[in-house]
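*Asks:* Chain residues, written in single-letter form:
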Amino acid sequence: MKYLHERILKVMSLVFEVPIEMLNEESSSDTIGSWDSLKHLNLILALEEEFDIVIPDEEVGNLMNYKLIQIVIEELNN
Amino acid sequence: MKYIEILAANKDFSKIINSKKYSIGILSNITINSLKDILEYQCFKNGINPSVEIGNYDNIVQDSFIYNNKDLVIIFFDSLSLFENVDHFFESINSDLYDSLFSKCINELNLIFKNLEKTPSVIINSFSSLCFVSSSTKTSKIEKFTYELNTYLQESAPRNFQIVNIDKIFSIFGIEKSVDYRFYHSSKAPYTIDFLKKYVEEIEYVLLKNNGKLKKAIIFDCDNTLWSGILGEDGIDKIDMSISSKTGKYYNMIQRIIVYLSQKGVIIGLCSKNNENDVLEVFKLHKDTYLKEENIVIHKINWSDKASNLLSISQELNIGLDSIIFVDDSSFEINLIREKLPEITTIQVPANLYLYPTILLKTIYKYFNLDVTNDDLKKTSMYKEQFQRAIEKDKFNNIDEYLASLEIEIIIEKNNINQVERLAQLTQKTNQFNLTTKRYTEVQIHNFILNKQFHVFSLSVRDKFGDNGITGLCIINEFEDYTDSILSIDTFLLSCRIIGRNIEYEFLNVILNSFQNKNVKEVRSLYSPSNKNEQVKDFYEKSNFNLISSEIEKKYFLEFDSINRNKISYIRVNFNN
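Chains C and V are the protein sequences, given in the same order.
Using our numbering, read the first sequence as starting at 1 and increasing by one per residue.
Using our numbering, read the second sequence as starting at 79 and increasing by one per residue.
Please keep in mind that the hints were generated in silico from the structure rather than gathered at the bench.
Check each hint, because a few of them may be wrong.
[As the list claims (entries may be wrong)] No more than 25 Å apart at the CA atoms, straight line, and that leaves these computed lysine-lysine pairs for PhoX-like:
(1) C:Lys10 x V:Lys123
(2) C:Lys10 x V:Lys418
(3) V:Lys255 x C:Lys39
(4) V:Lys291 x C:Lys39
(5) V:Lys114 x C:Lys39
(6) C:Lys10 x V:Lys93
(7) V:Lys80 x C:Lys67
(8) C:Lys67 x V:Lys276
(9) V:Lys276 x C:Lys39
(10) C:Lys39 x V:Lys418
(11) V:Lys492 x V:Lys291
(12) V:Lys291 x C:Lys10
[Stated by the list, open to error] Derived, one-sided and incomplete: chain V residues facing chain C with beta-carbon distance under 8 Å:
(13) Thr109
(14) Val257
(15) Tyr262
(16) Lys275
In this text, a Cβ means the ideal position worked out from N, Cα and C, and glycines have one as well.
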């Protein structure tokens, strides 16, 4: 679980160009200034590649914070 | 490489690459943000310091006016977006609408051409219909439309425009792997990360060309690189480059490619461990050689290490190491160059020979400018002159560090009856590193092993790249001389693929030292010259032996007490006496 947590934060850190220490489970598009719609798309692409998953169309728009991302990845991995 | 790995690498690169910025503008009518990161990575990797800016969404014409001061502009004028903006099912539109849409596109293209005519370099993709549902047995209106647009693009684009045939990338890569309609419909971002990586690879040639980073020379090894077989062992009649032989035909194709390159002004060179005259003779006399001496600008055919030879090639031609491609079949040589001269691009001849022409061609298309000008044609003779004027520079020496990194291990076994077959074969086949060139049958080797007076030592070599198997042999004749004994080296040979790592000296040292407790007075040895073994004529001198006589054969002796007891530090010895 901890491993998944770190991997997600690493992806977010690289995509949003924010130091990983600044991110945590409460991070969302409200707390990360660079999280705009274009970066959001890059985030989805990076998550799909990193976790080898396909995020369903209807979920893509919802994943606007760390917790939702984690839930979706856990569901897709099961 | 994954997208986040690219992001991480870019972060690191941006700290170390400080060269002048190379500015790139991306104009597009689709969302293509991640292209920026992938493009940056490709630039960094080639030592280019990029500054990439993406224009406004679907604003190509306006942006072409703003971005015309960039070093490079890349345009994604994408048909997906183009046809979607038409408020109709395209196949059902009437000819008036078709014509007015066509002329709108032409007008936009003309504006783009005009706005960017002073920009040093522009990349524009051809229009594609492959993203749309189609049938191989029907021609759709979209296909007709894109075909006509492409024709206009080909005919009217200014000379600074490089057209990328995007259909070629789609067909190599597959449309389903290239386009993700999910993101096209939600975000107007049709292309997958994998496609964008492929796309950037395809335009790498333009990036290299614009930044003066194309290659100038390609240097080939000879044995198993230009022909099948080993010239020094098999002889000129047995090496194979015949168009009608099973393996020879691949080498024949390679030679034809090389001649083509030479006609395009690429410098062709040779760097081979061989006797110079033997190799040059191949290009003069071999019935199947397509490559001729006149195609070869420079050659270093000798027994020095290839890093030194390639370095002197670069100095004599006065070109940078990063302008050179080196082709060799040996992983030892390829890894030597990768570690010692990492600026040189290397190609290793693949184990599956049928892939060899493909791999060579792919590299050539990426790294060489094959558009011919008259000046290029003169280059071959120009470089040849320069080479003739050049003075031999000092050798690039001290490869000890490289050798240490190989983790070489030698295994020496004594009188191992299971090795008879291979050892006899070694005496029969080894020509170059063979001090006495005595040929023995299996029975003879077998008898040496059973005879107490003889000692048969085999040598196996391995390193971190692999196992070379049994590749050396030494036969010692030990005979009594009053109370002491004398060792006489009857045979000493090594297969040429392990030469150049000082293994021969360690092999001899370990053997001689193994007689330490046996009252040995002296060691006698012999070099008997053959047509092929000139490279070992000084071997015993280098091993501290004293020359006694040198008519035809050279005879040596060495007092046992003065044998070298220093180990070569980077060779691990595994000897079960």
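*Asks:* Each hint should be assessed against the structure and marked as holding or not.
*Replies:* Consistency of the hints with the structure:
no.: 1; hint: C:Lys10 x V:Lys123; verdict: holds, 23 Å
no.: 2; hint: C:Lys10 x V:Lys418; verdict: violated, 35 Å
no.: 3; hint: V:Lys255 x C:Lys39; verdict: holds, 22 Å
no.: 4; hint: V:Lys291 x C:Lys39; verdict: violated, 32 Å
no.: 5; hint: V:Lys114 x C:Lys39; verdict: holds, 12 Å
no.: 6; hint: C:Lys10 x V:Lys93; verdict: holds, 19 Å
no.: 7; hint: V:Lys80 x C:Lys67; verdict: holds, 23 Å
no.: 8; hint: C:Lys67 x V:Lys276; verdict: violated, 33 Å
no.: 9; hint: V:Lys276 x C:Lys39; verdict: holds, 21 Å
no.: 10; hint: C:Lys39 x V:Lys418; verdict: violated, 41 Å
no.: 11; hint: V:Lys492 x V:Lys291; verdict: violated, 54 Å
no.: 12; hint: V:Lys291 x C:Lys10; verdict: violated, 34 Å
no.: 13; hint: Thr109; verdict: holds, 7 Å
no.: 14; hint: Val257; verdict: violated, 13 Å
no.: 15; hint: Tyr262; verdict: violated, 11 Å
no.: 16; hint: Lys275; verdict: violated, 11 Å
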